[in-house]
Amino acid sequence: HKSIGGAGSLMVVLLLISNMVIQLTFCYIIKMGFTGDPYDASVMDAVQYWRTGMGQSIGQVDTALASSLTSRLCGFDASLGVASTQMTLAENVAEFGRGWKCPGPVMCTLAVLCWYFVISEEMMSVCRCVVSVLGRPQGATRIRVHEESGDLVLEQLSLSRVTLILLTCSVRMVVACTLGFFGGLFLVYTSTAKDLVLNALALQFILDIDELVFRVAAPNAVQALLESFRELPIPRELNFKGANLSSVVTLSMPVAACILTVLFLLEPTLARRQDIWRGLCGDNTDFAFAIDGLGRTHWSATTPFGDGVSLAEPRYAHTAVEAVVMGDVAGMSDLVIEEPTVARLIELDAQSMHSGSRVATCADADSNLTAHSERPWSMGKHILRTVTGNASLGACADAASWCNSVALAGIR
Numbered sequence: 308h309k310s311i312g313g314a315g316s317l318m319v320v321l322l323l324i325s326n327m328v329i330q331l332t333f334c335y336i337i338k339m340g341f342t343g344d345p346y347d348a349s350v351m352d353a354v355q356y357w358r359t360g361m362g363q364s365i366g367q368v369d370t371a372l373a374s375s376l377t378s379r380l381c382g383f384d385a386s387l388g389v390a391s392t393q394m395t396l397a398e399n400v401a402e403f404g405r406g407w408k409c410p411g412p413v414m415c416t417l418a419v420l421c422w423y424f425v426i427s428e429e430m431m432s433v434c435r436c437v438v439s440v441l442g443r444p445q446g447a448t449r450i451r452v453h454e455e456s457g458d459l460v461l462e463q464l465s466l467s468r469v470t471l472i473l474l475t476c477s478v479r480m481v482v483a484c485t486l487g488f489f490g491g492l493f494l495v496y497t498s499t500a501k502d503l504v505l506n507a508l509a510l511q512f513i514l515d516i517d518e519l520v521f522r523v524a525a526p527n528a529v530q531a532l533l534e535s536f537r538e539l540p541i542p543r544e545l546n547f548k549g550a551n552l553s554s555v556v557t558l559s560m561p562v563a564a565c566i567l568t569v570l571f572l573l574e575p576t577l578a579r580r581q582d583i584w585r586g587l588c589g590d591n592t593d594f595a596f597a598i599d600g601l602g603r604t605h606w607s608a609t610t611p612f613g614d615g616v617s618l619a620e621p622r623y624a625h626t627a628v629e630a631v632v633m634g635d636v637a638g639m640s641d642l643v644i645e646e647p648t649v650a651r652l653i654e655l656d657a658q659s660m661h662s663g664s665r666v667a668t669c670a671d672a673d674s675n676l677t678a679h680s681e682r683p684w685s686m687g688k689h690i691l692r693t694v695t696g697n698a699s700l701g702a703c704a705d706a707a708s709w710c711n712s713v714a715l716a717g718i719r
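Each number in this note's numbering corresponds to the 1-based position in the sequence shown with 307 added.
Everything labelled a hint here was simulated from the structure, so no lab data went into it.
Please read these numbers as outputs of a predicted model, since none were measured by experiment.
Cβ coordinates follow ideal geometry from the N, Cα and C atoms, glycine included.
Do not take every clue at face value.
[What the hints assert, rightly or not] Quick list of in silico lysine to any residue cross-link-like pairs, SDA-like style, CA-CA up to 20 Å: (1) Lys309 to Ala401; (2) Lys688 to Ala704; (3) Lys309 to Ile450; (4) Lys309 to Arg451; (5) Lys688 to Ala707; (6) Lys309 to Ser325; (7) Lys408 to Lys688; (8) Lys501 to Ala401; (9) Lys338 to Phe488; (10) Lys338 to Asp515; (11) Lys309 to Phe488; (12) Lys309 to Asp515.
[Unchecked claim] Restraint-style ranges between C-beta atoms, simulated for each label pair: (13) Tyr335 to Gly613: 20 to 28 Å; (14) Ser386 to Ser699: 25 to 33 Å; (15) Asp635 to Tyr335: 52 to 60 Å; (16) Ala509 to Met633: 18 to 26 Å.
Using the sequences and the hints, build the whole thing.
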C-alpha cells in the first residue's frame, strides 16, 4: 500500500521471515532438548545399581545416626552430602506424586488440556484466515473505503498476495502442530508440579512471538493500516441447533488429544515414576551390607532415619568441628586436638577402635590423673556429657547405661 512505502514493506517482509525463523528454531530446540523421558530404562538401571551398591553399603552408614544412606535419602535428610542425583529424583517423584490422588498428575492433565485448547484455537484461526482469503475474488488487488464506517475493505486480491498469505498460514500451521505435539510431551515429562505452570507459560510465549514481534518492531504506518481494515467475512458454517462446526471441532479436538496423551504418555510415565520410587525407597531400607575378605556378603539392621534422632542434638564431633569453624580452638583445647600435618589426619581417620583404645584407659573423669599426651581425660568427659545429655556427669558409673547403645558404639 502506498501509505506504507517501500521501506515499510521491506521491514514487514523481514519481520515475517524473522518470526518464522524464531518460532521454527524454538520448535526444534523443544523437540531436541525438552522431550526426553527423565525416567527411562537407563535411569531405572542406574537407580537399581546405586541402591544395591552405595545406597546400602556399610561405608555410607552415618556413624552418629547409625542409619543407612538409603534410609537418610528417603527421609529427605537435608544434611546429606552425597547422592545428590538420587535425592533429586526422590524429591521430584515425591513432589509430583505417583497416582491420581496426588496433585502432579491432575495438574499435568489440566495443563495439557489447556495447552491443546490454545493450539486448537490457533489452528482454527489459521483455517479461518485461509477460507476468508480464498473466498475473495482474485485479480488486481483492490481496496475501497467503506461509506459508513470509513474502514478499509479488501475487495480483491492478486494471486501473488494470495500465495504469500497461504505460505504464511502454512508456516503458522506447522508451528502450531509442532508445538502442540512436542509441547504435550514437554508437559508430560515435566519433573515437578511447580514446573508445569512455568513450562505451560513458556509454550504460550513461543506461540505469541509473532504478535510480540509485530507490536514491537512493525512501523507505525503498517500497524495503523492493519487496524483500519475491516475483518474479512467468513463463509457460513454448518450449524445444528446453534452449535456451529468450528466450535464443535475446537472443543472435541483438544479433549480427544488430551485423553490420548493421558492414556499413552502420562499413564506410562506415572508407572515409571512408581518404579523409580520403589527402586530408591521401596521395601527394606534399614540395613547395611559389607563384603568380607572371601567375597561373602554380610548384612545387619541399621537405625531407621528419623526414629527419635534429631540433627539438632549436640554431638561431640560436630561440636568439635564447629569450634574450628568459629576459630575458637584455643578455648576448646580439651575438645579438639590439632595435628601438625594432613598426613597425620589421614592416619588417624584409618585408625581402628581397637588401636585407638590403646592410647587411653577408662578411668573416672573426676580422678586426679594428669592429662594424657594423646587424649586428655577432660576431652573424654566432655564427649560423654555430650552424648548422654548429662551435663553433671562425673564418673564412669554415670554413663554405664549408655555403653550398650548401638548408636554410641564409638564411645564404648
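Each hint, compared with the structure:
For a cut-off of 20 Å, the pair hint linking Lys309 to Ala401 is broken: about 62 Å separates their Cα positions. Distance restraint check for Lys688 and Ala704: the Cα-Cα separation of roughly 12 Å lies within the 20 Å cut-off, and the hinted pair is therefore satisfied. Annotation: proposed proximity of Lys309 to Ile450 holds, straight-line Cα distance about 12 Å (limit 20 Å). Under the criterion of a C-alpha separation no larger than 20 Å, the hint pairing Lys309 with Arg451 is consistent with the structure, at around 14 Å.
Between Lys688 and Ala707, the direct Cα distance comes to roughly 13 Å. Compliance with the 20 Å bound is thereby established for this hinted pair. Distance check on the hinted pair: Lys309 and Ser325 sit about 24 Å apart at the alpha-carbon level, beyond 20 Å; violated. For the suggested pair Lys408 and Lys688, the alpha carbons sit about 53 Å apart, so the restraint of at most 20 Å is broken. In summary, the hint linking Lys501 to Ala401 is supported, as the alpha carbons are separated by about 12 Å, within the 20 Å threshold.
The suggested pairing of Lys338 with Phe488 holds, with an alpha-carbon distance near 9 Å, which does not exceed 20 Å. Pair hint Lys338 plus Asp515 holds up; C-alpha atoms about 18 Å apart against a cutoff of 20 Å. Proposed proximity of Lys309 and Phe488 is contradicted: the alpha carbons are some 41 Å apart, above 20 Å. Among the hinted pairs, Lys309 with Asp515 is inconsistent with the structure: their alpha-carbon atoms are about 29 Å apart, more than 20 Å.
A hinted range of 20 to 28 Å for the beta carbons of Tyr335 and Gly613 is inconsistent with their spacing of about 47 Å. For the pair Ser386 and Ser699, the supplied restraint of 25 to 33 Å holds, since their beta-carbon distance comes to about 29 Å. For the hinted restraint 52 to 60 Å between Asp635 and Tyr335, the CB-CB distance of approximately 58 Å keeps it satisfied. Between Ala509 and Met633 the CB atoms are about 45 Å apart, so this pair departs from the stated range of 18 to 26 Å.
Of the numbered hints listed earlier, those contradicted by the structure are 1, 6, 7, 11, 12, 13, 16.
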